[in-house]
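Engineer: Which chain is which? The protein sequence lines are S and V, in order.
Note that the first sequence covers residues 1 to 290 in this note's numbering.
Note that the second sequence covers residues 1 to 290 in this note's numbering.
Please note: incorrect hints may appear among the correct ones.
To be verified - Stretches of chain S that chain V covers, calculated by requiring three or more beta carbons in the stretch to come under 8 Å of a beta carbon on chain V:
{"#": "1", "segment": "14-20"}
{"#": "2", "segment": "83-90"}
{"#": "3", "segment": "116-129"}
{"#": "4", "segment": "175-182"}
{"#": "5", "segment": "259-269"}
Said to hold, decoys possible - When the alpha-carbon atoms are kept at most 27 Å apart in a straight line, the in silico DSS-like pairs for lysine-lysine are as follows:
{"#": "6", "chain 1": "V", "residue 1": "LYS130", "chain 2": "S", "residue 2": "LYS250"}
{"#": "7", "chain 1": "V", "residue 1": "LYS149", "chain 2": "S", "residue 2": "LYS260"}
{"#": "8", "chain 1": "V", "residue 1": "LYS262", "chain 2": "S", "residue 2": "LYS248"}
{"#": "9", "chain 1": "V", "residue 1": "LYS77", "chain 2": "V", "residue 2": "LYS7"}
{"#": "10", "chain 1": "V", "residue 1": "LYS287", "chain 2": "S", "residue 2": "LYS250"}
{"#": "11", "chain 1": "S", "residue 1": "LYS262", "chain 2": "V", "residue 2": "LYS287"}
{"#": "12", "chain 1": "S", "residue 1": "LYS248", "chain 2": "V", "residue 2": "LYS149"}
{"#": "13", "chain 1": "V", "residue 1": "LYS19", "chain 2": "S", "residue 2": "LYS7"}
{"#": "14", "chain 1": "V", "residue 1": "LYS130", "chain 2": "S", "residue 2": "LYS248"}
{"#": "15", "chain 1": "S", "residue 1": "LYS251", "chain 2": "V", "residue 2": "LYS248"}
{"#": "16", "chain 1": "V", "residue 1": "LYS288", "chain 2": "S", "residue 2": "LYS7"}
{"#": "17", "chain 1": "V", "residue 1": "LYS250", "chain 2": "V", "residue 2": "LYS207"}
{"#": "18", "chain 1": "S", "residue 1": "LYS287", "chain 2": "V", "residue 2": "LYS130"}
{"#": "19", "chain 1": "V", "residue 1": "LYS248", "chain 2": "S", "residue 2": "LYS250"}
{"#": "20", "chain 1": "V", "residue 1": "LYS7", "chain 2": "S", "residue 2": "LYS287"}
{"#": "21", "chain 1": "V", "residue 1": "LYS262", "chain 2": "V", "residue 2": "LYS251"}
{"#": "22", "chain 1": "S", "residue 1": "LYS130", "chain 2": "S", "residue 2": "LYS116"}
{"#": "23", "chain 1": "S", "residue 1": "LYS7", "chain 2": "S", "residue 2": "LYS95"}
{"#": "24", "chain 1": "S", "residue 1": "LYS251", "chain 2": "V", "residue 2": "LYS250"}
{"#": "25", "chain 1": "V", "residue 1": "LYS260", "chain 2": "V", "residue 2": "LYS77"}
{"#": "26", "chain 1": "V", "residue 1": "LYS207", "chain 2": "S", "residue 2": "LYS19"}
{"#": "27", "chain 1": "S", "residue 1": "LYS288", "chain 2": "V", "residue 2": "LYS287"}
{"#": "28", "chain 1": "V", "residue 1": "LYS260", "chain 2": "S", "residue 2": "LYS262"}
{"#": "29", "chain 1": "V", "residue 1": "LYS207", "chain 2": "S", "residue 2": "LYS207"}
{"#": "30", "chain 1": "V", "residue 1": "LYS19", "chain 2": "S", "residue 2": "LYS288"}
{"#": "31", "chain 1": "S", "residue 1": "LYS260", "chain 2": "V", "residue 2": "LYS128"}
{"#": "32", "chain 1": "V", "residue 1": "LYS183", "chain 2": "S", "residue 2": "LYS250"}
{"#": "33", "chain 1": "V", "residue 1": "LYS77", "chain 2": "V", "residue 2": "LYS248"}
{"#": "34", "chain 1": "S", "residue 1": "LYS77", "chain 2": "S", "residue 2": "LYS128"}
{"#": "35", "chain 1": "V", "residue 1": "LYS128", "chain 2": "V", "residue 2": "LYS248"}
{"#": "36", "chain 1": "V", "residue 1": "LYS288", "chain 2": "S", "residue 2": "LYS262"}
{"#": "37", "chain 1": "S", "residue 1": "LYS19", "chain 2": "S", "residue 2": "LYS77"}
{"#": "38", "chain 1": "S", "residue 1": "LYS130", "chain 2": "S", "residue 2": "LYS7"}
{"#": "39", "chain 1": "S", "residue 1": "LYS95", "chain 2": "S", "residue 2": "LYS288"}
{"#": "40", "chain 1": "S", "residue 1": "LYS77", "chain 2": "S", "residue 2": "LYS7"}
Derived by calculation from the structure, the hints in this document are not laboratory data.
All C-beta atoms in this analysis are idealised placements derived from N, C-alpha and C, irrespective of residue type, glycine included.
Each chain, written out:
Number of protein chains: 2
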Amino acid sequence: MTTFTEKLHPGYAQEMMLKGEPLFEGQSPFQNVKFFDTERNGRVMALDDIVQITTRDHAAYSEMLTHLPILEHGKVKSVLIVGGGDIAIAAEALKHASVAEVVMAEIDPVVVEKAKEFFPEINRKAVKDKRLDIQIVDAFEYLGRPESKEHFDLVIADRPDPVGPAEILFADDFYKRIRAALKPGGFAVFQTGVPFYQPEEMTDTLKQMGRIFGTCGTYLSVVPTYIGGFMALTWVSVGGAVLGDARKAKKVAAAFTASKIKTDYYTPDIHWASFALPAWIARLVPKKRK
Amino acid sequence: MTTFTEKLHPGYAQEMMLKGEPLFEGQSPFQNVKFFDTERNGRVMALDDIVQITTRDHAAYSEMLTHLPILEHGKVKSVLIVGGGDIAIAAEALKHASVAEVVMAEIDPVVVEKAKEFFPEINRKAVKDKRLDIQIVDAFEYLGRPESKEHFDLVIADRPDPVGPAEILFADDFYKRIRAALKPGGFAVFQTGVPFYQPEEMTDTLKQMGRIFGTCGTYLSVVPTYIGGFMALTWVSVGGAVLGDARKAKKVAAAFTASKIKTDYYTPDIHWASFALPAWIARLVPKKRK
């Protein structure tokens with residue numbers, strides 16, 4: 001393999017030239033797993049030949065799913081990550097001193113083991129952190145356990161696209177279990193695809209979230225190797241709490257400064273800017289029923 | 001040709017599957033010119049095998065280089081477009097009733113003729129507009145003419161990357177001619193590459209602009225087929241006028257509503273959000289000399 005080709009969206013492909021030999025290629029019980037270095041995109045993990053994370057641009061994804069809801073919520077102690085086998089999201093969440101516990105519910109042990117081996121710069125510190133609890137488990141099953149009930153201030157769904165083993169992570173029952181697992185005032189955030197190539201995923205998810213949670217919305221990040229420009233991130237809450245409330249701007253900026261967290265993507269300005277939707281994306285938001 | 005492959009950034013490529021036969025392939029006096037329909041990206045024009053415009057996402061580029069400076073300036077009458085042979089930028093500028101004159105200085109007659117033929121949905125109305133003056137001319141030469149002096153409220157550099165015939169459009173002398181062509185209070189805006197793959201282009205341009213114009217800055221758009229996520233747009237002014245001054249938010253929103261312009265990307269919220277830079281892009285802004 002000298003070139004990696006991703007054909008996620010029919011009719012379009014991206015190609016990355018490799019640097020040296022692939023680091024790992026294998027079949028886990030769940031999927032094909034590849035780790036490799038590239039000329040332009042840093043180190044990459046691909047599952048079933050879809051890019052999941054690159055060292056060059058993961059901050060745009062990991063930071064926006066962690067720092068944004070954690071800083072705006074203000075009192076996040078307990079975090080559940082659905083998937084997240086590369087441990088990048090967990091690493092960002094653990095940068096917050098207020099966070100006492102991060103549970104990662106990842107089904108694939110091969111992803112976790114190989115991510116520890118090949119992404120040490122991302123997750124070395126997190127792996128040693130006593131607050132991190134890596135559970136090799138189906139997240140749907142984990143969410144159904146009695147001890148998950150009203151346990152989390154923040155649930156982050158870092159799941160692949162809705163095909164194969166991840167399909168269950170897009171069903172009503174999955175979201176209802178998340179709702180039950182959230183503490184009052186808690187938030188959940190979900191990657192919701194790239195609207196340019198997957199517009200229906202954003203619209204359908206918001207309809208589903210409106211039905212199940214009532215309060216929901218979209219914010220955006222730009223992860224160059226998640227091809228297609230903007231990535232939609234969906235937030236939901238229990239009890240009517242709102243994410244993207246710019247009246248909290250001063251509080252969030254002060255909390256970010258106090259945290260002393262160094263970021264590659266997130267800034268307090270980007271926090272609020274990410275809720276502005278280009279006209280074509282705003283039109284994908286389903287109209288509220290009267 | 002059943003697949004179009006763009007290799008703009010060494011070590012990376014994007015591929016688009018074609019829909020049907022290419023519409024046009026030829027060699028102009030200046031470059032290779034291709035028009036074709038694709039499965040996912042609409043109709044595309046490529047010059048020397050680099051995507052210049054697609055019907056699916058050009059709004060993110062055309063609208064942000066026109067509506068944003070025109071609405072914030074408030075009194076733009078005369079616009080010069082450097083390049084812009086597809087007539088998409090001109091079409092957006094002409095949507096403003098306040099605009100009395102749009103001069104397009106494009107060197108390649110083949111691009112203009114074929115864009116009229118193959119992008120009628122984008123430029124049909126503009127082509128018939130008496131306010132549009134299409135000059136087949138080297139923009140550098142045009143800017144040097146006596147009648148260009150202090151003639152324009154807005155100059156939009158819609159130029160390709162700094163290679164081949166466009167190289168002159170990145171030299172100090174080119175920018176000095178733009179400075180001379182601007183009326184007091186006028187703005188010029190430039191596409192400045194995709195920082196993810198061309199970080200030095202943004203840094204170098206801002207250094208050069210600081211030297212030549214004094215007042216300058218960056219705002220962002222996201223054009224999916226300009227691969228790499230964010231595209232940097234640079235603004236400059238003569239006489240110290242500032243673009244991205246959020247104190248004008250109410251005025252801009254009212255002017256946009258009054259214009260009745262329908263957009264696919266631009267909104268007043270996106271206007272201000274586009275000045276927020278992710279941390280990694282903010283670090284590409286050269287430090288001001290004391």
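Engineer: Of all the hints given earlier, name the ones this structure violates by number, lowest first.
Structural biologist: The structure breaks hints 2, 3, 4, 6, 7, 8, 9, 12, 14, 16, 17, 18, 20, 23, 26, 27, 28, 29, 30, 31, 32, 35, 37, 38, 39, 40; every other hint is satisfied.
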